[in-house]
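Undergrad: Listed here are the chains, written in short residue letters.
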Amino acid sequence: MHTKSEIPDKLIRKFQQIYSLPPNDLHNEVLTSWYKFLTAPLKRMPFAYIVPLSIGIAVMMYLVVGQLLIHLVSLLQNGF
Amino acid sequence: MDFNHIISGFIASFIFFVRRVIYLIVSPYKTMRDIAQDDDMMQVLFIFLCIGVYFYFANNLRNYPHEPWILFFMTVFHYLLTVTYFALFMILSTKQHRVKIAPFMLLFSYALIPTLVWFITNSVLYALIPPPRTPSFLGKGFSLVYVSFSIGILFWKIMVTYLAIRFATGFRFFRIVYSMILYLIAVIPYSILLYSLQFFRIPFL
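Quick mapping for you: the protein sequence lines, in order, are chains X and F.
So the first sequence is numbered by my numbering: it starts at 1 and just counts up by one.
So the second sequence is numbered by my numbering: it starts at 81 and just counts up by one.
The hints are simulated quantities; they were obtained by calculation from the structure and are not laboratory data.
Please note: incorrect hints may appear among the correct ones.
[Said to hold, decoys possible] With a straight-line cut-off of 25 Å between C-alpha atoms, the simulated DMTMM-like cross-links for lysine to aspartate or glutamate are:
#1 Lys-43(X) / Asp-114(F)
#2 Lys-14(X) / Asp-119(F)
#3 Lys-175(F) / Asp-119(F)
#4 Lys-180(F) / Asp-25(X)
#5 Lys-14(X) / Asp-114(F)
#6 Lys-10(X) / Asp-118(F)
#7 Lys-14(X) / Asp-120(F)
#8 Lys-10(X) / Asp-119(F)
#9 Lys-43(X) / Asp-118(F)
#10 Lys-237(F) / Asp-119(F)
#11 Lys-14(X) / Asp-118(F)
[Claimed, not checked] Computed footprint of chain X on chain F, listed as stretches where at least three residues anywhere in the stretch have a Cβ under 8 Å from a Cβ of chain X:
#12 109 to 117
#13 173 to 183
#14 194 to 203
#15 226 to 240
#16 245 to 259
C-beta atoms are modelled at their ideal positions from N, C-alpha and C, and glycine is treated no differently.
Turn these sequences into a full structure, and let the hints guide you.
TA: Next up, the structure:
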C-alpha cells in the first residue's frame, strides 16, 4: 500500500528520467518533424518494423545480386 | 550481515541484467534511458562473462588461430577504447572538464548485446547447418532468412549504439552521426588489420 508521499516521489523521478535530455533538434523544422515521425514508432516494439524491412531488403538484394547472395551468406557464416 | 547484502546485490544485478536484455528488444529507447541513470557495474561484468563464455564455446566449434582468452581480452580492450573515444569526444566538443564514466560503461556494454546475439546465432547455425550454401531451393531459402536476420540485427545494433551515444553524451542527431562516422573511419582499417592478423574475421564491436 503506497503512502501519500511515495507516489509524487515516483512521479517526480519518472519525469526527471523522461526529461533528463533535451529533445533532439535537427536545426530545421522539416528535418526535425521527419526525424520525430520516423523515430516515434521505433521507441516501442521496433522489431515490428525492422523485421518486414529486413525481409524486404534481403529480397531486393537477391533480385539485384542473385547467386552472389548465397556466396555472401557462406562468407558471413564463416565470420564468427 | 555483509555477506547476505553482497549475495542479494548480486542476484538483484543479475535480474536487472536479464530484464534489460529482454527489454532491449521490446523497448530499446526506454531501456537505454533507464540504464543511463544506473551505476551498477556488476551488469557490465555479467555481459563480459557472457562474452567470455561465448568465446570459449565458439573455440570448441571451430579452433581459432588464437586462444579464446586473447580474443576476450581484445574485446574488452576494444570496448574500453570505444568508451574512451566517446567520452573524450564529449569532453572536447562540450568543453566539460569532468564526465560521469558509469553511464558510458553501462550503455556501451549493453550495446554489445546485439553483436553477441548475432555471433551466438551464427555459431549455432554453423554447428547445425555448416557452410557453404548451395544454389538449391533450400540454400536460397536459408540465405534469404539468414540475410534478413543479419540485417535486422544490424538495424538493432545501430539503434542501440545511437541510443548509447545519445544518453551517454547528450549529443543531438548530427553530432551523434558525426561522432559515429569518425569512429567508423578508425574502426574499419583497424578491423582489416585484425582480419589480416587472424584475430577476428568480423570484429566483435
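Undergrad: It remains to establish, for every hint, whether it holds in the given structure.
TA: A quick look at each hint next to the structure:
1. Lys-43(X) / Asp-114(F): Measuring from Cα to Cα gives roughly 13 Å; hence the hint holds.
2. Lys-14(X) / Asp-119(F): 17 Å, holds
3. Lys-175(F) / Asp-119(F): Holds, at roughly 24 Å.
4. Lys-180(F) / Asp-25(X): 24 Å, holds
5. Lys-14(X) / Asp-114(F): The hint holds at about 10 Å.
6. Lys-10(X) / Asp-118(F): 16 Å, holds
7. Lys-14(X) / Asp-120(F): The given pair, whose Cα atoms are some 19 Å apart, holds under the 25 Å limit.
8. Lys-10(X) / Asp-119(F): 19 Å, holds
9. Lys-43(X) / Asp-118(F): It holds: about 20 Å lies between the C-alpha atoms, which stays within 25 Å.
10. Lys-237(F) / Asp-119(F): 22 Å, holds
11. Lys-14(X) / Asp-118(F): At roughly 14 Å apart (the allowed maximum being 25 Å), Asp-118(F) and Lys-14(X) satisfy the hint.
12. 109 to 117: With 6 residues close enough to chain X, the hint holds.
13. 173 to 183: violated (count 0)
14. 194 to 203: Holds: 3 residues of the segment 194 to 203 of chain F have a Cβ under 8 Å from chain X.
15. 226 to 240: holds (count 10)
16. 245 to 259: With 6 residues close enough to chain X, the hint holds.
Hint compliance for this structure: hint 13 is the single one not met.
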